[in-house]
Amino acid sequence: MENLERNRLLRLAMPWLVMIVFFAIWELACVVFAIEEIILPRPSKVFEVIVLRFDILLKFCLQTLWSTVIGFGLAIAGGLLLGLAIGASPFVYSGLYPLLIAFNAIPKVAIVPILMIWVGVGFLPAIITAFVISFFPIVVNVATGLATIEPEMRDVMRSLGATRTEILVKVGIPRAMPYLFASLKVAITLAFIGSVIAETVGGNNGIGFLMLSAGARNDAPTTFAGLFAIAIMGILMYAICAWFERRMTKWAFRGELVS
Amino acid sequence: MVDQALVELRGVKLAYGVGRDSTLAVDGLDMRIGKGEFVAVVGPSGCGKSTLMKLVTGLLPPTSGEIIVHGQTVTKPIKGVGMAFQNPTLMPWRTTMDNVLLPMEVVEPHKRRFRRHRAEYEERAMKLLRTVGLADFSQKFPWQLSGGMQQRSNLCRALIHEPEILMLDEPFGALDAFTREELWGVMQALWLEQRFTAVLVTHDLREAVYLADTVYVMSRRPGKIVLVQQVELPRPRTLASTFEPAFVDLVHKLRDRIHLEHA
Numbered sequence: 001m002e003n004l005e006r007n008r009l010l011r012l013a014m015p016w017l018v019m020i021v022f023f024a025i026w027e028l029a030c031v032v033f034a035i036e037e038i039i040l041p042r043p044s045k046v047f048e049v050i051v052l053r054f055d056i057l058l059k060f061c062l063q064t065l066w067s068t069v070i071g072f073g074l075a076i077a078g079g080l081l082l083g084l085a086i087g088a089s090p091f092v093y094s095g096l097y098p099l100l101i102a103f104n105a106i107p108k109v110a111i112v113p114i115l116m117i118w119v120g121v122g123f124l125p126a127i128i129t130a131f132v133i134s135f136f137p138i139v140v141n142v143a144t145g146l147a148t149i150e151p152e153m154r155d156v157m158r159s160l161g162a163t164r165t166e167i168l169v170k171v172g173i174p175r176a177m178p179y180l181f182a183s184l185k186v187a188i189t190l191a192f193i194g195s196v197i198a199e200t201v202g203g204n205n206g207i208g209f210l211m212l213s214a215g216a217r218n219d220a221p222t223t224f225a226g227l228f229a230i231a232i233m234g235i236l237m238y239a240i241c242a243w244f245e246r247r248m249t250k251w252a253f254r255g256e257l258v259s
Numbered sequence: 260m261v262d263q264a265l266v267e268l269r270g271v272k273l274a275y276g277v278g279r280d281s282t283l284a285v286d287g288l289d290m291r292i293g294k295g296e297f298v299a300v301v302g303p304s305g306c307g308k309s310t311l312m313k314l315v316t317g318l319l320p321p322t323s324g325e326i327i328v329h330g331q332t333v334t335k336p337i338k339g340v341g342m343a344f345q346n347p348t349l350m351p352w353r354t355t356m357d358n359v360l361l362p363m364e365v366v367e368p369h370k371r372r373f374r375r376h377r378a379e380y381e382e383r384a385m386k387l388l389r390t391v392g393l394a395d396f397s398q399k400f401p402w403q404l405s406g407g408m409q410q411r412s413n414l415c416r417a418l419i420h421e422p423e424i425l426m427l428d429e430p431f432g433a434l435d436a437f438t439r440e441e442l443w444g445v446m447q448a449l450w451l452e453q454r455f456t457a458v459l460v461t462h463d464l465r466e467a468v469y470l471a472d473t474v475y476v477m478s479r480r481p482g483k484i485v486l487v488q489q490v491e492l493p494r495p496r497t498l499a500s501t502f503e504p505a506f507v508d509l510v511h512k513l514r515d516r517i518h519l520e521h522a
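Protein sequence lines, in the order shown, are assigned to chains W and Z.
According to the numbering used here, the stretch in the first sequence is residues 1 to 259, in order.
According to the numbering used here, the stretch in the second sequence is residues 260 to 522, in order.
Just chain Z, with the same shape it has in the complex:
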């Protein structure tokens, strides 16, 4: 286990709505995420995985319990987080380059320097686009890109300002199997280079084991953590490693636990 937690959840509970109509999304969530750790959260559908993302980033205040980031209780959206959703949410009126540069126009201290040092920032964005194989598409608009390319630019946008925490809400969910597996590799390479703290919400167990240091399994609604599984497979992991017995065993173990929830 990690000794110094960057993100900590203590008995977090969240109810949507009030009174008799209220539904409990998560209840009694406890998590400790270390700095630079890659965490995956899996669970049956509708178990409140996405709610967890919004709780950690402070977009939703918990009904009770505490969320601590950097030793501070979270009460409002925490700044400088990178987020990527299943839907790429690129702005159709901006080119890929301008989309990737968006955080620079918003996040301090880049915001103040952006206008004068645009070339420098563009170079930085270009470097990132090159690592994901989009160098030739920087001047294209999102609707001129394929789904996989849009998701790559989405990842670049989430990472350009080098956030300490990266939240990924099923970012590869809508892609075809080949593109998805390719992007696992891209994601891992980016993480190995920048070592940000990442929280990945997914329903793909192979994806979780491929990318994460620790996999959390959530129960049915109201979601709580029912299993914490360390993944101690060597890095960098490759597609070949997904067929090794150790990898397959882990996936089976997670799958069995989730099946219990459906029973």
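Just chain W, with the same shape it has in the complex:
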């Protein structure tokens, strides 16, 4: 019993321990090899900057967070709709799937300049980039969830006289939910990549812009502080998505509930 408890605590502590060791090695390496701050700042220096310039960082972080969350929200809505359409109809599937794959293969950094011509600088390019980059995994997952409905389940519904819409609502959508939530965890981190890319390529706000201008001033610690901030926001949003996933689709985690 005591052993089990110790194992549990150790498992909870593991991520923190690994992180501490990682930063310790980094710090040590910088000191031992006398690496210049402009190349790779020591983590202690980065944390110092974070504390010192916390208000500025927070302001830029929130800008990025907003662009990301709005783009991500649009991607959920659009991805869910398109995923349902693709999963429900073989015609929509064969028509749109190759296009989607082609679109997904385009490096998103290439579309930012085009977006800037269309909508100017500001929040919009970041929102749109976050949207287009996180859209694809949601569509694919929702469509997969729908396409893998057991044929027997469909037969049961059809023999009851269910319409296509009824089958979609009663079987398809609940069935696709775990797939949707699994994709959200991937999509939210992609959305951050999207918005930061847009801010870096051409923006006047957000953490990407902050990092770019700090880089231009050879201010490596601030650039790294920006990186840390993105990582922290990524983890937080991922945790929120994971929490929602567990709440909404408890039935899909049955293995863990039973044990």
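Because the hints were derived from the structure by calculation, they are not lab data.
Values in this document were obtained by computation on a predicted structure and should not be read as measured data.
Among the hints, a few may not be true.
[As the list claims (entries may be wrong)] Computed list of lysine-lysine pairs in DSS-like fashion (alpha-carbon distance at most 30 Å, straight line):
hint	chain 1	residue 1	chain 2	residue 2
1	Z	Lys335	W	Lys170
2	Z	Lys386	W	Lys250
3	W	Lys170	Z	Lys386
[As the list claims (entries may be wrong)] Here are the computed distance ranges between Cβ atoms for each label pair:
hint	chain 1	residue 1	chain 2	residue 2	range
4	Z	Phe373	W	Ser94	32 to 40 Å
5	W	Ile240	Z	Gln398	26 to 34 Å
6	W	Ser94	Z	Pro493	23 to 31 Å
7	W	Asn3	Z	Ala378	44 to 52 Å
8	Z	Met385	W	Ala239	38 to 46 Å
9	W	Met248	Z	Glu520	45 to 53 Å
10	Z	Ala378	W	Gly122	54 to 62 Å
11	W	Asp55	Z	Ala378	52 to 60 Å
12	Z	Lys386	W	Ala105	56 to 64 Å
13	Z	Pro368	W	Asn104	44 to 52 Å
14	Z	Lys386	W	Leu17	36 to 44 Å
15	W	Arg8	Z	Pro320	55 to 63 Å
Idealized CB from N, CA, C, for every residue including glycine.
Given the structure of chain W, go ahead and fit chain Z onto it with the hints provided.
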């Protein structure tokens, strides 16, 4: 033989695929199933038993021939049929109760009344769950039930809307021998009470003789009916009756006929 057929198959043929790749699943199927009759279909594996189920319910249109239910030629899925497969196909996101109530949300006229009269329907589902011994599990999820319990809830779902026709595609096939024999009794009790028309596809000859009024033996692919055997043993049949000579003789007769198909 029955004089008034509820379901009738006339020279039904079904081919999967087209052109040179097409395979004949069933050919020249003739059947007459009376109202309230319990029919079992047995045959060697791959003889198109499951195809027959889909043909009768209109889920698959025949390549040629005619299927008549209620005097009407079947062209699209007929409504209000109960179906149970070997795989319980319960929805993991619904409790046993909600799974059993599913047909009520789909089938007319219950669909329109369901929301307002939910309590009444729940009582009805509860009664059915009680007869199969699942009263205490109505709020459990399918994955919290054993295989036999899942199959019981599956039967309840197939019967809740009191369908005229119940299609059973090897519903006890994946269960252990004890549970299977127990469920034969449950099935028979439900049938004696509600007197629906049932078509049971199985490869278990004892199961067929235990439950059915008429056993149809199908040939190898392409399947057609090679033997129609009436079972006139008294009801209710019990496990003890499965050891009586009359029962055993019937099983042997069916087995011999099927062995001819394998030769």
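Do the hints match the structure? See the list:
Taking the CA atoms of Lys335 (chain Z) and Lys170 (chain W), the gap is about 21 Å. The hint holds against a cut of 30 Å. Of the supplied pair hints, the one linking Lys386 (chain Z) and Lys250 (chain W) holds, its CA atoms being roughly 28 Å apart against a limit of 30 Å. Note on Lys170 (chain W) and Lys386 (chain Z): the hinted pairing holds, with a Cα-Cα distance of about 24 Å set against a maximum of 30 Å. In this structure, Phe373 (chain Z) and Ser94 (chain W) meet the distance hint of 32 to 40 Å, their C-beta atoms being roughly 37 Å apart.
With their beta carbons about 30 Å apart, Ile240 (chain W) and Gln398 (chain Z) fall inside the hinted range of 26 to 34 Å. With their beta carbons about 58 Å apart, Ser94 (chain W) and Pro493 (chain Z) fall outside the hinted range of 23 to 31 Å. Between Asn3 (chain W) and Ala378 (chain Z) the beta carbon distance is about 50 Å. The supplied range of 44 to 52 Å therefore holds. In this structure the hint that Met385 (chain Z) and Ala239 (chain W) lie 38 to 46 Å apart at CB holds, the actual value being about 41 Å.
Checking the proposed 45 to 53 Å range against Met248 (chain W) and Glu520 (chain Z) shows it holds: the Cβ atoms sit about 51 Å from each other. Remark: the range hint 54 to 62 Å for Ala378 (chain Z) to Gly122 (chain W) is upheld by a beta-carbon distance near 56 Å. Hint check: Asp55 (chain W) to Ala378 (chain Z), Cβ distance near 58 Å, so the stated range 52 to 60 Å holds. With their beta carbons about 58 Å apart, Lys386 (chain Z) and Ala105 (chain W) fall inside the hinted range of 56 to 64 Å.
Range check, Pro368 (chain Z) to Asn104 (chain W): about 47 Å between beta-carbon atoms, so the 44 to 52 Å window is met. The hinted range of 36 to 44 Å is not satisfied by Lys386 (chain Z) and Leu17 (chain W), whose Cβ atoms lie roughly 58 Å apart. Roughly 58 Å separates the CB atoms of Arg8 (chain W) and Pro320 (chain Z), a value that falls within the hinted 55 to 63 Å.
When held up to the earlier numbered hints, the structure conflicts with 6 and 14 and fits the remainder.
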